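Keeping their order, the protein sequence lines are chains A and B. The first sequence finishes on residue 276 if you use UniProt numbering, and the numbering steps up by one all the way, no holes. The second sequence finishes on residue 261 if you use UniProt numbering, and the numbering steps up by one all the way, no holes.
Because the hints were derived from the structure by calculation, they are not lab data. All figures in this text were calculated on a predicted structure; none of them were measured in a lab.
Stretch by stretch, here's where chain A covers chain B in the computed footprint (C-beta under 8 Å, at least three residues): (1) 152-159; (2) 171-183.
Cβ-to-Cβ under 8 Å is the rule here; a few derived chain B residues that face chain A: (3) G162; (4) V163; (5) Q167.
Covered by chain B, per the in silico footprint, the following chain A stretches (three or more residues, Cβ under 8 Å): (6) 86-95; (7) 103-113.
In this text, a Cβ means the ideal position worked out from N, Cα and C, and glycines have one as well.
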Amino acid sequence: MKKIQMIKNQPLSLISTTKIIQMSNVSTSYDSKNFALKGINLSIDRGTNYAIVGQSGSGKSTLLKLMNGMMISSNGTIKIDYVVPDMNDKKFKKMMHTIGYIPQSLGLIKNITVIENILIGALPRLSKIQSLFKRFPEHEIQEAKRILKLVALSGKENRKVYMLSGGEKRRVAIARALMQKPTILLADEIVSELDHVTAHEIMDLIADAQKQMNLTAIMVHHDMQLALEYANRVAVIKDGEKILEIGVEGEKIVDFQTGDMSAEEIMEMYSNDSKK
Amino acid sequence: MTPKNNIIIGIIIALLVVASYNVDANPIEFIEGLPNLAIVVEEMLLVEPKYVPTAIWAMFETIQMAFIGTIIGFAIALPLSMLAARNLNSKYVYAPVRALLATIRTFPSILWAILFVIMVGLGPFAGVLAIIMYTIGFVSKLQYEAIETIDSDPMDAVSSIGVSKWQLIRYVVIPESASHLLSQLLYMFDYNIRQTSILGLVGAGGIGFYIINYIKFFEYGKAAVFMLIVLITVLIIDWVSVKIRDKYIIKSQHGMEVTTK
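Between the sequences and the hints, there should be enough to build the whole structure, so can you do that?
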């Protein structure tokens, strides 16, 4: 059983408390009968490391797609920095430039090099002519190299992505997102297929970047332990509903839906739940 | 074999028999005609080597025609195929473009050649125009089908950055389909060389012009020289494209497989 002492991040009270993401009573469905999400309420503070945990098909990836405007909810309201996310809306489209999104499959372009993949993050800042002729300004190239160093991929910038290992590919995907100079980072099960050590390396990397760039990170996880280790808050999604939201305040884990609970009780609840 | 399969095979055989009857396809006539072929082959064996330089020059003209036709046709087809791809455009864009491409594709290259001979007169230029049109119709279909099969994950990931459609095409669609595009370019060039070889039949230049004229005058020995040059050229091009394929295409497709989950 996880011990509370293992939780690494700073308590919520030290972070600015303006809300960056607000969802109230959000429901969405892929067809008329089955709801992918039902009545979700979320409120995420700026600078938080927020984890969404759930099993396959629970609706957690859908939740991320609603946040970056790739999907539109059927009911309820969503506000990302006070703007309704919709990729067809001009105002939100500008905001998308600063929302880094890493899908579970990473969405890298395999036939091109590492640095070319990372530079894609800078595309919104390029003029039409520059992007047509692939003329990235020198400062963008320097920025890409700085990020390469940050994600520990220096020296591999000219490798084709298909030649990289799983962990390295994840670093490229993170670097592409960081190249956007994001305010929000959305990552869908980014470490779920990695071994324990590599998974922690990737999570540490994101935690570092988060501190450096004052990011709000929203990460979908399969593994509750990993989520508790890194996140300030954890929401548990089951069958499209948020069944639990816990947070870390100092040394204490707080259940935001049912009142104070001990970490042991929460873990017990979660493990019972996942056995069902 | 399930009964359903037996019925399908039965229907196909029945259709084959009916169609053969309708077009007078008679195997006995084929066998009876074999001695005639022997006469042609015998005459062809009387190859006249002094025509080799002329044949090589005519082949060179043919290759140049095919080259221009393939490159220009490919360059025009690429933007059209982007417009025709369902995963990049709305119905109102791709449907009319597809209809246009289907119309272009309806005519075989030889009909285009006749049309252009009427328009610009006899000679290789009419042939080049015919090859361009044929390439546009044919290769754009291959291209938009390749574009529609590219992985949607990189597209989604990059669109989520809020890039423009043209940036998406430039930075995701083209690199992701590059190996297919190269493969199609090689295939089309190879195919166009064969095609250009027969466009001479309608006076649109190239080596076919010589072949058809010598055959008309029963000079099979001379025609054979030109046909032999076509054969050698096609074999060389085939060999070269296999090499290019091995070097660039197979490798990158292998890479794709490795990364697919």
